[in-house]
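Here the sequence shown is numbered in the UniProt record's numbering, starting from 1 and rising by one per residue.
Rather than coming from a laboratory, the hints here were simulated on the basis of the structure.
Backbone N, C-alpha and C fix where the C-beta goes; we use that ideal spot for every residue, glycine too.
Hints may be right or wrong, so weigh each one.
[Unchecked claim] Think about it this way: if two alpha-carbon atoms lie no more than 25 Å apart in a straight line, the pair counts; the simulated PhoX-like pairs of lysine-lysine are:
#1 K181 / K304
#2 K327 / K304
#3 K167 / K181
#4 K256 / K139
#5 K309 / K256
#6 K256 / K114
[As the list claims (entries may be wrong)] With beta-carbon atoms standing in for the labels, derived distance ranges:
#7 F234 / M305: 38 to 44 Å
#8 L138 / S248: 17 to 23 Å
#9 S177 / L202: 47 to 53 Å
#10 L192 / M305: 16 to 22 Å
#11 Y209 / G129: 20 to 26 Å
#12 I313 / R342: 43 to 49 Å
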Amino acid sequence: MKVIPISSQTFIMKVISLQCEIGSVKGQIMAWMSRAGSWAVWSGATGAVLHQPGAHRGFLLPHQQRCGFRKALKKVEPKKEAEQAELVQKKDMAPQVEPPTPHQPDRSFGRLVKPLVFTVGFTGCSFGGAAIWQYESLKSRVQSYFDEVRTDWLDKLRPQKHGDFRKEINQWWNSLSEGQKYVTGIIATNVLVFCCWRVPSLQRSMLKYFTSNPASKTLCWPMLLSTFSHYSLFHMAANMYVLWSFSSSIVNIMGKEQFLAMYLSAGVISSFVSYVCKTATGRLGPSLGASGAIMTVLAAVCTKMPEAKLAIIFLPMYTFTAGNALKVIVAMDTAGLIMGWRFFDHAAHLGGALFGM
């Protein structure tokens, strides 16, 4: 065997190259070992499954393992976990807000204190004003003689009216009794309010101020204004006919001043009685019409003139006394109030009748 001499420098270079090759092999082995360990951990975390024996060996890589890259799993930061826990705790500690319940009308009698004060005050002022007006009327009669003389003198100087229509209107007005003249103003007011009901833009205001309802926010003035309010033409025509029929008798009995005070006060009193009955029974709802005030006029005439003969407009052949008519009307309204009939405001009718007696 022949020995070839090698220089020390060459020997050193070969040793270094051999060590580099050994180090590279060790590095590859370590890399493959680390990769195998990471695959094992990743397969356990993501649920990767090995093939059964006899099948193709290897991992069933999920979609995120394509192209040699693996998508790192998102780690939940501790700060975010704390924030989420705090939000959940706040939601649990937040007060439970119950859904709003529908508005229930107030049925307490405490709401009727203000209408009661208004009724007493308005009635007192009405009759007080009527007494002052009546006193002034009696005082002015002292000068009636001088007024008649001056009227005759002015009639001679006043130009005569021309036109048949104006003459007929003048003659018709002069032919009316004193009671009918005052009732004409009441009828005209009712007709005006009836026309206002036909204006769509006024419906909300009419319902608020010209209907009496104990559940409404406005309680006092509708007690008076609803006396001049009618929504049905037949209702208004029937009430105004009865008022016209008894106008002359009631003014002759009481005088024009006391009649107006009684009529206005009767509307307020009948509305208050209706308030009380509706609050007691819980049958809250709007009412309107002059029936309560007209019942006062009817009761006053029938009480002062119980033997007067009355008849129904559609049945003039049947007559009956005023006293019996009042008894029948009061009995019907009492039955309607007990039975709960809601076609008419029977409580207002009874309140007006009792005030007229």
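Requested in this report: With respect to the beta-carbon atoms only, verify the hint that L192 and M305 lie 16 to 22 Å apart.
Outcome: 32 Å, violated
Report task. Given the hint of 20 to 26 Å, check if Y209 and G129 actually sit that far apart at their C-beta atoms. Result -> 22 Å, holds
Query raised in the report: Holds or violated: K167 with K181, Cα cutoff 25 Å?
Result: Answer holds: K167 to K181 is near 17 Å, not above 25 Å.
Requested in this report: May I ask you to test the hint 38 to 44 Å on the CB atoms belonging to F234 and M305?
Outcome: For M305 against F234, whose Cβ atoms are near 28 Å apart, the range 38 to 44 Å is violated.
Query raised in the report: Is it true that the C-beta distance of I313 to R342 lies inside 43 to 49 Å, as the hint says?
Result: 25 Å, violated
**Report entry** Distance restraint between K181 and K304, which requires alpha-carbon spacing of 25 Å or less
**Finding:** 22 Å, holds
Query raised in the report: Would the pair K256 and K139 pass a check requiring their Cα atoms to be no farther apart than 25 Å?
Result: 15 Å, holds
Report task. Go ahead and decide if the range 47 to 53 Å is satisfied by the Cβ distance of S177 to L202. Result -> 34 Å, violated
**Report entry** Holds or violated: K256 to K114, with C-alpha atoms at most 25 Å apart
**Finding:** 30 Å, violated
**Report entry** CB-CB spacing for S248 and L138 relative to the 17 to 23 Å hint
**Finding:** 21 Å, holds
**Report entry** Given pair status - K256, K309, alpha carbons within 25 Å
**Finding:** Given pair K309, K256 holds - Cα atoms ~23 Å apart, limit 25 Å.
Query raised in the report: Regarding the pair K327 and K304, is the alpha-carbon distance no greater than 25 Å?
Result: Between K327 and K304 the Cα gap is close to 14 Å, so the pair holds against 25 Å.
The structure fails hints 6, 7, 9, 10 and 12 (numbered hints given earlier, in ascending order).
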